[in-house]
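Novice: Put together the whole structure using the sequences plus the hints.
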Amino acid sequence: MTAVEKTLAAKSGRAGVEPGEVVHPDPDFIMVHDGVVMGAKRELDALGIDRLAAPEKVVMVTDHDVIYGSARAAERGAFNRQAARQWGVRQFFDVGRGGHGHIFPMETGMLLPGMFYFDNDRHATNAGAIGAFGFRMGAEISRVLATGTNWVMVPKTVRLTIRGRLATGVHARDVGFRIATLVANGALDADLDYRVLEYAGDLDQFDLAARAALCSSPTEMRAYGVFVPPSAAVLAHAREKAQRPFTPVFADAHAHYEADLALDVSALEPQVALPGGVQHAVDVTEAAGTRIDHVFLGSCGSGMYADLETAARYLAGRRIAPHVRMFVAPGSEESTKRMAREGLLQTFIEAGAVMLPAGCGPCNDAVIGPVHSGEVSISTAANNNYGRFGAKDAQLYLGSPATVAASAIAGCIADPRACTPLQREARSGGS
Amino acid sequence: MSAFQWRLTGRCYKLGHDVPHQGGVIPGWVIAGRYLEPKDVIPHLFEETDPGFHERCRPGDIIVAGRNFGMGPKMNGYVAMNALGFGLVCESMPFLAYRAAVGCGLRVMTDCVNATDICETGDALEVDFRDGWFVNHTRGIRREYPPVPDGLLELIELGGNTGWLKQWRTSQQRTTAAHPDPEA
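Protein chains in written order, with our numbering: chain E, 3 to 433; chain U, 130 to 313.
Some hints could be false.
[Unchecked claim] Per the computed footprint, the stretches of chain U lying under chain E, defined by three or more beta-carbons under 8 Å from a beta-carbon of chain E, are:
| no. | segment |
| --- | --- |
| 1 | 185-194 |
| 2 | 216-225 |
| 3 | 284-291 |
| 4 | 295-308 |
[Unchecked claim] Between beta-carbon pairs, the in silico distance windows are:
| no. | chain 1 | residue 1 | chain 2 | residue 2 | range |
| --- | --- | --- | --- | --- | --- |
| 5 | E | Ala73 | U | Ala161 | 12 to 22 Å |
| 6 | E | Arg343 | U | Thr299 | 24 to 34 Å |
| 7 | E | Arg44 | U | His146 | 31 to 41 Å |
| 8 | E | Gly188 | U | Ala253 | 50 to 60 Å |
Note that these hints are calculated values from the structure, not bench results. We put the CB at the ideal spot given by N, CA and C, even for glycine.
Specialist: Structure (structure tokens):
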């Protein structure tokens with residue numbers, strides 16, 4: 003069996019499962035974010051369902067609209083707090099308490115290798131970074147809250163073997179943009195719709211943050227899960243942080259894959275996804291020089307501490323271009339604290355960046371830090387679909403944390419390899 | 130439950146490949162406005178591609194769509210199809226669209242290879258969604274297709290997510306009444 007088949011079999015009390023089967027897995031936890039609590043609560047209240055099946059398993063996070071840019075958001079926050087009380091949800095990571103729901107659970111040892119959980123949000127695929135699975139339920143999260151589970155059709159698995167090491171200045175996000183582009187143009191011959199993309203090959207070069215980055219772009223290509231088999235370093239992190247015992251899952255040696263693909267990344271250059279989607283990637287040199295107005299660093303794909311560190315290496319001792327505004331949203335409150343302890347906060351602020359609370363930042367419906375009509379942005383957001391940051395005719399580019407930081411300094415899209423960190427050499431590869 | 134009609138007899142309404150939910154099935158403003166009541170969505174089904182469709186259709190009609198039908202995870206169009214008593218047969222469907230259709234209680238079969246090659250709008254069709262067969266009486270063609278998975282039969286029979294939850298709630302109340310909580 004593949005990793006997802008083994009995980010779903012274990013959580014469904016089955017010896018084995020096959021793609022296409024319908025199972026009802028028992029999740030390790032159930033995550034619901036601030037944007038959907040109201041809908042779920044009202045739906046269940048209307049049905050007379052006022053008790054949750056397992057309130058101790060429910061994790062509520064406030065990450066989509068953290069600082070309430072509107073009266074409506076404040077109302078929603080108040081509603082969510084009341085819902086948590088009425089439902090008896092103790093694991094409520096409200097404003098300023100946790101951060102991004104697809105980041106901090108991996109940092110704190112809540113989400114561990116081999117786990118399975120239900121989430122309302124499709125970016126739960128980030129769980130693959132630590133060797134776990136989070137499945138998106140959308141509005142059907144209400145059924146999971148009420149009954150403890152929901153139906154899952156076992157997805158097919160596509161394997162992608164990574165060969166070679168990333169060059170200096172090239173990042174795991176670049177790999178993701180390249181994969182999305184090769185899938186879109188057919189050079190990687192696989193349909194990712196409702197598939198699990200399972201990585202294999204030369205993966206030790208990727209730390210946890212880089213693994214989260216590897217999960218990002220396949221998700222935008224409609225993968226339902228991404229799985230990066232945990233390395234010794236990832237397992238060591240998990241053991242150190244674990245809040246409970248866990249058993250890592252790995253695919254069997256003779257597992258069946260719908261497609262078996264390979265990608266050599268040794269000659270990969272930094273990538274920029276052109277406006278309209280992650281699958282529009284080109285080498286950074288093709289987009290270099292495009293004047294920018296707006297920069298965002300953060301999101302589920304690039305929100306871990308190592309991502310902030312990467313960007314800070316370029317920004318240290320420099321200032322962003324005068325016409326650029328730059329927003330930074332750490333993935334967790336813990337990262338914000340660590341930034342303060344280790345000097346990164348000062349680096350970003352002195353460079354002229356604006357710090358946002360831990361969470362999704364502009365990447366959620368542009369509730370904060372949006373762009374205006376006709377403006378140009380480069381960011382590490384989950385995607386750059388038109389309208390992602392507000393104005394539908396804004397030009398949204400994506401790059402790695404290194405490319406985004408180098409661009410903020412230059413005032414235009416810039417190749418990070420041409421922007422030597424002033425203090426010490428940039429780390430290559432994974433972070 | 131036994132009254133549920135898994136076999137539909139009706140007219141074919143054929144669509145091409147890559148028909149998106151937004152615009153192709155139902156206007157974007159209906160989706161953005163989160164209209165999900167049958168009375169609100171029915172008048173707008175296929176409105177942008179076939180105005181007046183809802184007045185010409187009949188219960189039991191079967192939508193036969195090509196590849197990649199219904200892109201998007203929203204339910205509005207399937208609510209309308211289900212309320213009108215339709216079934217949906219398509220060559221392929223993004224999974225989240227399929228999940229949305231099932232969640233509305235719609236009878237749906239996907240992965241029906243080349244289904245659009247063997248029928249035209251107006252043909253007399255008979256489709257059994259539980260047993261997985263498709264007959265075009267007009268052309269004398271029969272095909273076996275993947276049926277609704279066993280694990281989803283109950284969900285569709287109960288009318289989708291809301292109906293399923295209502296039934297679940299009722300069964301919970303019965304259980305509680307039969308075995309009252311001793312600590313209550």
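Novice: Which numbered conditions among the earlier hints are violated in the structure presented, ordered from lowest to highest?
Specialist: Of the numbered hints given earlier, those the structure breaks are 1, 6 and 8, listed in rising order.
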